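Colleague: Now for the letters of each chain:
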Amino acid sequence: MTSYFSISRFLTIIVKEFIQMRRDRLTFAMMIGIPVMQLVLFGYAINFDPKDLPVAVIRADESIFSRDLIHAMENSGYFRIIQTAANEEEARDLLELGDVQFVLNIPANFARRLLRGEGPSILLEADATDPVATGNAIAAMTTIVQKALNRDLKGTLRHLKQEEAPFGLRVHKKYNPEGVTNHNIVPGLMGIVLTLTMVIITGVAVTRERERGTMETLLSTPARPVEVITGKIIPYIIVGYIQVILILMAARFLFHIPMVGSLLLLMLVSLIFIVANLSMGVTFSTFAKNQMQAMQMAFFFFLPSLMLSGFMFPFRGMPEWAQWIGSALPLTHYLRLVRGILLKGNGLSDVLVHLWPIALFMTLALAAAIKRYRKTLD
Amino acid sequence: MTMTDKNDLVIDVEGLKKSFKGKPAVNGVSLKVRRGDIFGFLGPNGSGKTTTIRMICGLLTPDAGHGRCLGHDLLTEAGRIKQNTGYMTQRFSLYEDLTVRENLDFIARMYGVLHRKETVDECLTTIGLKDQQDKLAGTLSGGWQRRLALAACLVHKPGLLLLDEPTAGVDPRARCDFWDRIHELSSEGTTTLVSTHYMDEAEHCNKLAYIVSGELLTEGSPEEIVKESGLVTWIVTGPDIWPLARELSGLPGVAHVAAFGASLHVSGYDEAALREGLKPFIDAKHRFEFSKPGLEDVFICLMKQAGAGRMR
Ligand SMILES: Nc1ncnc2c1ncn2[C@@H]1O[C@H](COP(=O)(O)OP(=O)(O)OP(=O)(O)O)[C@@H](O)[C@H]1O
Ligand SMILES: [Mg+2]
Numbered sequence: 002m003t004s005y006f007s008i009s010r011f012l013t014i015i016v017k018e019f020i021q022m023r024r025d026r027l028t029f030a031m032m033i034g035i036p037v038m039q040l041v042l043f044g045y046a047i048n049f050d051p052k053d054l055p056v057a058v059i060r061a062d063e064s065i066f067s068r069d070l071i072h073a074m075e076n077s078g079y080f081r082i083i084q085t086a087a088n089e090e091e092a093r094d095l096l097e098l099g100d101v102q103f104v105l106n107i108p109a110n111f112a113r114r115l116l117r118g119e120g121p122s123i124l125l126e127a128d129a130t131d132p133v134a135t136g137n138a139i140a141a142m143t144t145i146v147q148k149a150l151n152r153d154l155k156g157t158l159r160h161l162k163q164e165e166a167p168f169g170l171r172v173h174k175k176y177n178p179e180g181v182t183n184h185n186i187v188p189g190l191m192g193i194v195l196t197l198t199m200v201i202i203t204g205v206a207v208t209r210e211r212e213r214g215t216m217e218t219l220l221s222t223p224a225r226p227v228e229v230i231t232g233k234i235i236p237y238i239i240v241g242y243i244q245v246i247l248i249l250m251a252a253r254f255l256f257h258i259p260m261v262g263s264l265l266l267l268m269l270v271s272l273i274f275i276v277a278n279l280s281m282g283v284t285f286s287t288f289a290k291n292q293m294q295a296m297q298m299a300f301f302f303f304l305p306s307l308m309l310s311g312f313m314f315p316f317r318g319m320p321e322w323a324q325w326i327g328s329a330l331p332l333t334h335y336l337r338l339v340r341g342i343l344l345k346g347n348g349l350s351d352v353l354v355h356l357w358p359i360a361l362f363m364t365l366a367l368a369a370a371i372k373r374y375r376k377t378l379d
Numbered sequence: 088m089t090m091t092d093k094n095d096l097v098i099d100v101e102g103l104k105k106s107f108k109g110k111p112a113v114n115g116v117s118l119k120v121r122r123g124d125i126f127g128f129l130g131p132n133g134s135g136k137t138t139t140i141r142m143i144c145g146l147l148t149p150d151a152g153h154g155r156c157l158g159h160d161l162l163t164e165a166g167r168i169k170q171n172t173g174y175m176t177q178r179f180s181l182y183e184d185l186t187v188r189e190n191l192d193f194i195a196r197m198y199g200v201l202h203r204k205e206t207v208d209e210c211l212t213t214i215g216l217k218d219q220q221d222k223l224a225g226t227l228s229g230g231w232q233r234r235l236a237l238a239a240c241l242v243h244k245p246g247l248l249l250l251d252e253p254t255a256g257v258d259p260r261a262r263c264d265f266w267d268r269i270h271e272l273s274s275e276g277t278t279t280l281v282s283t284h285y286m287d288e289a290e291h292c293n294k295l296a297y298i299v300s301g302e303l304l305t306e307g308s309p310e311e312i313v314k315e316s317g318l319v320t321w322i323v324t325g326p327d328i329w330p331l332a333r334e335l336s337g338l339p340g341v342a343h344v345a346a347f348g349a350s351l352h353v354s355g356y357d358e359a360a361l362r363e364g365l366k367p368f369i370d371a372k373h374r375f376e377f378s379k380p381g382l383e384d385v386f387i388c389l390m391k392q393a394g395a396g397r398m399r
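The listed protein sequences correspond, in order, to chains A and B.
Take any residue in the first sequence, note its place counting from 1, add 1, and you have its number in this note's numbering.
Take any residue in the second sequence, note its place counting from 1, add 87, and you have its number in this note's numbering.
Fair warning: there could be bad hints in the mix.
[What the hints assert, rightly or not] Here are the simulated distance ranges between beta carbons:
no. : chain 1 : residue 1 : chain 2 : residue 2 : range
1   : B       : K379      : A       : P226      : 31 to 37 Å
2   : B       : S308      : A       : T377      : 29 to 35 Å
3   : B       : K204      : A       : L265      : 38 to 44 Å
4   : B       : D287      : A       : L27       : 26 to 32 Å
5   : B       : D267      : A       : L27       : 31 to 37 Å
If you are wondering where the hints come from, they were derived from the structure by calculation, not from laboratory data.
Predicted, not measured: the structure shown is a model, and the values here were computed from it.
Built from N, CA and C at the ideal position, the CB exists for glycine as well.
All chains, please: the whole structure from these sequences, using the hints.
Modeller: If you want it as structure tokens, here you go:
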């Protein structure tokens, strides 16, 4: 009689979803468009190696050393001195207002102390609210200083050059001392995009049936909840994979992100993550009355994922309660997995620690979806 | 009353109740429908027809009541009932973004129909949608959508048809075809429960039930219902019947006045009183004819009665 799981009904629903997906150009375009848009937006920030950053110089030392140093900084292309000989207070105001990105402080008697071998320091204060913007310039600074001064330290002054550090460069990163590294972003983007789109797509796919009234037809057939839910999830796995491939290709060919790990393993891990999010979407749809509500629920899920997964803020810097919430979200684990596999070359045994929480989440979400899926219209 | 053989009852439900947010929509409906019956389900808008039908096919869980459908328990064996039932919804509820053929194919697959391609082909030919089979269902006209929906609930050749206003918005010719089809299926043993607002369609049914505010008011064959109502009707024809209708409707003994084309149906429960009341109006211009009331007269009077709180 009516079996508990009918393969043919399951396949029928898959076929139907595929046809509908193909006809629903807008949604499909969005599913491809979102990762592309995100890549362009984030990718721009990554590729952006900012030059000509405005610098204020407090120059208490008028020696050849400081003059050459400033020259070298400007020649590097990273820095543009917009104000010299400002006093300390004025320079700080400029930094605070964002008029300059750096304040270079060359202390008085720098040259004399250098020649005496006292190893004086130059202070570079950076507005590091946007670490991506200042990172490269700061990295270049050490070399610039070294080269500039070494050129001056010749002849009788050569003995000073021999020493490891005839002077010190102190960099103060203000406002965001942690910093975020660039390579983290593109792999992280994969998780972000999947979390956003996968939850929305199934959330909408089920509520749409209710909104358009087709649920009445579907429910009057002998279809079982398991068949309907799994049948609705499968087609969108492919959409998820398209997104993964798009982002990986961009990471490889556009952003030259190193990929040391196994792509096959990454695909496997992504499958579980995709299904987890799709199931979450179906679960939401069993609560939502219409597509709009399903969308809102998806965003409610997306926001903590974005904030607490370690994508936006360093995970270890978050308060403990936030870390607890973060650990329950599949994105947190997926981000670590992607970075672990892509950047560190983690293998299957290394990834299991972060794979089981996602698998658990997937199982729970799927069970909730099947349990909550209503067999009647009430 | 003769005892009906239990096995012969395709629908046998008792005391079905359903409320939405505390407001009762169906309030204790019992129905017995025998194999091969064409059972007409009538009642004003919002009286609970759709809700009752949904409970019968397992789409809504009744708050109270029990029963069997196709021999299966309503509450515990909904899956089996669905397998052998064709339910046509009041609102078009097939997939608008699938083509005509894809829709039928989908339904056929869901029910595990054998020889699917031939069956779907046959279905398309019968409803006359063969040349529109690749059109999206959402782009069909309203009447064609109804016909497609009917075809969709016949694809798996169910033993029970639950049709919720199947002919609303369908042209006369297609309605005629539709009823021919239902009679044919009925003679082959298919049972049909059909809701409708058209009285001429009610005449096609061998049993009728009339529901008002979630309660059955009357039940029986069309003749029985007319007879049991105890109504008598005069048919008045002639010029200027509209002003006449207004004058007649307030008279003692007159329960209801309805206009049908160029004639008036004047109905009442007391034959003598009605005759007395009409006497002053008899003149050379109008023809007064004593007649049997139609179903429409009966149902409208029933509704008025129910509204006045004089339930039988
Ligand atoms: N899903 C629902 N939620 C809330 N109220 C409902 C719902 N479905 C039906 N009702 C209410 O139940 C009552 C009966 O509705 P139902 O659709 O069964 O009437 P009907 O006899 O089919 O009317 P019509 O002839 O207009 O189709 C109405 O008052 C309606 O407002
Ligand atoms: Mg209705």
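Colleague: For each hint, tell me whether it holds in the structure or not.
Modeller: These are the hints, each one checked on the structure:
For K379 (chain B) and P226 (chain A), the Cβ-Cβ distance of about 53 Å falls outside the hinted range of 31 to 37 Å, so the restraint is violated. As the Cβ distance of S308 (chain B) to T377 (chain A) is approximately 33 Å, the hint placing it in 29 to 35 Å holds. For the pair K204 (chain B) and L265 (chain A), the beta carbons lie near 40 Å from each other, so the given range of 38 to 44 Å is met. Checked against the hint of 26 to 32 Å, the C-beta distance between D287 (chain B) and L27 (chain A) comes to roughly 45 Å, which is inconsistent with it.
For the hinted restraint 31 to 37 Å between D267 (chain B) and L27 (chain A), the CB-CB distance of approximately 43 Å leaves it violated.
Of the numbered hints given earlier, the model fails hints 1, 4, 5; all others are met.
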